[in-house]
Amino acid sequence: MNAGWLCGAELNGKKFSAMEIVQLLIYGIVLGSIITLGAIGLSLIYGIIRFANFAHGDMMMAGAYIALFFVVTVGLPMFVAFPLAMAGGALLAVTIDQLLYRRLRRTSPVILLISSFGVALVLRSLIQLIWGPSIHVYEQGIKLPIRFWGLGIKPDQLYILGGSVALVAALHLFLKYTRIGKAMRALSDNSALAQASGIDTERVIIWTWVIGASLTAAAGIFLAIDTQLHPVMGWRLLLPLFAAAILGGIGKPYGAIAGGMAIGIAQEMSTLVITPAYKPAVAFALMVIILLVRPAGLLGGGTK
Amino acid sequence: MSLLEAHGLCGGYGEVDILHGIELVVEADEIAVIVGPNGAGKSTAMKALFGLIHVRQGTILLDGADITNRRPDRIVGLGLGYVPQEHNVFPSLTVRENLDMGAYLRRDDFAPQLERIFEIFPPLADKRGRPAGQLSGGERQMVAIGRALMLEPRLLLLDEPTAGLSPRYTDLIFERIVAINALGVAVLMVEQNARAALGFAHRGYVLAMGRNRFTDTGANLLANRDVAEMFLGG
Chain S
4 MNAGWLCGAE LNGKKFSAME IVQLLIYGIV LGSIITLGAI GLSLIYGIIR
54 FANFAHGDMM MAGAYIALFF VVTVGLPMFV AFPLAMAGGA LLAVTIDQLL
104 YRRLRRTSPV ILLISSFGVA LVLRSLIQLI WGPSIHVYEQ GIKLPIRFWG
154 LGIKPDQLYI LGGSVALVAA LHLFLKYTRI GKAMRALSDN SALAQASGID
204 TERVIIWTWV IGASLTAAAG IFLAIDTQLH PVMGWRLLLP LFAAAILGGI
254 GKPYGAIAGG MAIGIAQEMS TLVITPAYKP AVAFALMVII LLVRPAGLLG
304 GGTK
Chain G
3 MSLLEAHGLC GGYGEVDILH GIELVVEADE IAVIVGPNGA GKSTAMKALF
53 GLIHVRQGTI LLDGADITNR RPDRIVGLGL GYVPQEHNVF PSLTVRENLD
103 MGAYLRRDDF APQLERIFEI FPPLADKRGR PAGQLSGGER QMVAIGRALM
153 LEPRLLLLDE PTAGLSPRYT DLIFERIVAI NALGVAVLMV EQNARAALGF
203 AHRGYVLAMG RNRFTDTGAN LLANRDVAEM FLGG
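Quick note, the sequences are listed as chains S and G, same order.
Start counting at 1 in the first sequence, then tack on 3, and there's your number in the numbering used here.
Start counting at 1 in the second sequence, then tack on 2, and there's your number in the numbering used here.
Because the hints were derived from the structure by calculation, they are not lab data.
Be careful, since some hints might not be right.
Going by beta-carbon spacing under 7 Å, a handful of chain G positions derived as facing chain S [what the hints assert, rightly or not]:
no.	residue
1	Y84
2	P93
3	Y106
Computed far set for chain S versus chain G, every beta-carbon distance over 10 Å [to be verified]:
no.	residue
4	V171
5	A186
6	A189
7	M272
8	V276
Built from N, CA and C at the ideal position, the CB exists for glycine as well.
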């Protein structure tokens, strides 16, 4: 591999081929699409219920484990288990909302935030109680990447990418054309006016959890396919999720797409110059920078 | 029986009352205007009618039905539309989507009503695909009033519909309010441009410090020397 057009880059005395960079870009896009799906849910919920859901990463993890139940315990193929796990994630979120958050909604957002922290701990402990603290996978065995032009792409990564694009497109159509989707955007814009228009805010909030949590469960399953299942898999991704949502302007689901991609690609590309263990620090650094420079997010016009 | 009857309204935002026994009556098909100095409780009275603040005492009857302290998303279905003074559009939604949200409770075909709104406010027809946040202040006000008209209310509550508008747009909005009223929609509005509004109002209320000070026809209030001296700047 030393074709003339493949000019390399040199950093810290290490030499990288353009191929290596493209390979990392591909990994970044895959990670970015997982973060995007999770960040959309986070952003939707922030935009409509106005609280930072610290249980979001663990909702992701719970979705992955619900799929594990359907795939390994029940023995269903993944393409059947996937929508079932999305529905399971949505049901879980609506249940938590109705039992807990609904009663706290009239209090301050800080109380909701702290209670979501508690939800995160409960979810993680429950999963650990059922499946134990060790690693699980949906399918045993090693899958070899497909090689073309010297780049390695695993079939799973193509499914993740294709699935994410399809889900984001479906979300777009939902928000743009359905009555509930439009009501969700209206509520996020101006909740008092939405109520004055006759929109039943409690119903829209339930729908927001259904949509946000099913995308989150999908993100969790994709993450588990790309890596493996572990009780802290979602908690570890919480920081990148928030970074992506804030980067895109929290409360704006379309911004979360740009934010998620930016964080995913930045995290993977950072391994060119720093050790991979510092990947989460990259998300944190980007979040701090964006809060200092553009607090309303990249796509944020102005503050409300 | 009048379309709207509010008797002895007392209430406010917290512990302290802002309204001290407000009386408001609006007949079907008429335009009623509330004027008064800042802090008189004009906007608060409108919010009380629409269930946005707690009414501690008093009753509100819409066409004989008690709507006191009912939720705004229920009241709006009973034929009362409300346009707040500020933040009265969904900025990221298009003009068309704003109007769709006004028709949220309608399960029937509201296309004819949509066309009627575009006839009342022709500038909106060309901009139906534009986000409301990108419109001028006057156009935004048209979207706000149009949204409230989508449910074909019997009574429209307008809280300072011309606040912050240029004189040209102020005249246009007044003229459109008269046109909407001519279609059979009663209007109750709070207005800072007291003289102009009382000029076309069938009924006027002067509020001060949370109480009714004067109630008469618009023309009589304009002719009343006390009102002119105290509230209309001589």
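These are the hints, each one checked on the structure:
1. Y84: holds, 5 Å
2. P93: For P93 of chain G, the interface hint holds, since the closest Cβ of chain S sits about 6 Å away, which is under 7 Å.
3. Y106: holds, 5 Å
4. V171: The assertion about V171 of chain S holds, with a minimum of 18 Å to chain G.
5. A186: Nearest chain G Cβ is 6 Å from A186 of chain S, so the label is violated.
6. A189: violated, 5 Å
7. M272: holds, 32 Å
8. V276: At roughly 38 Å from the nearest Cβ of chain G, V276 of chain S sits farther out than 10 Å, so the non-interface label holds.
The structure is inconsistent with the numbered hints 5 and 6, although it conforms to all the rest.
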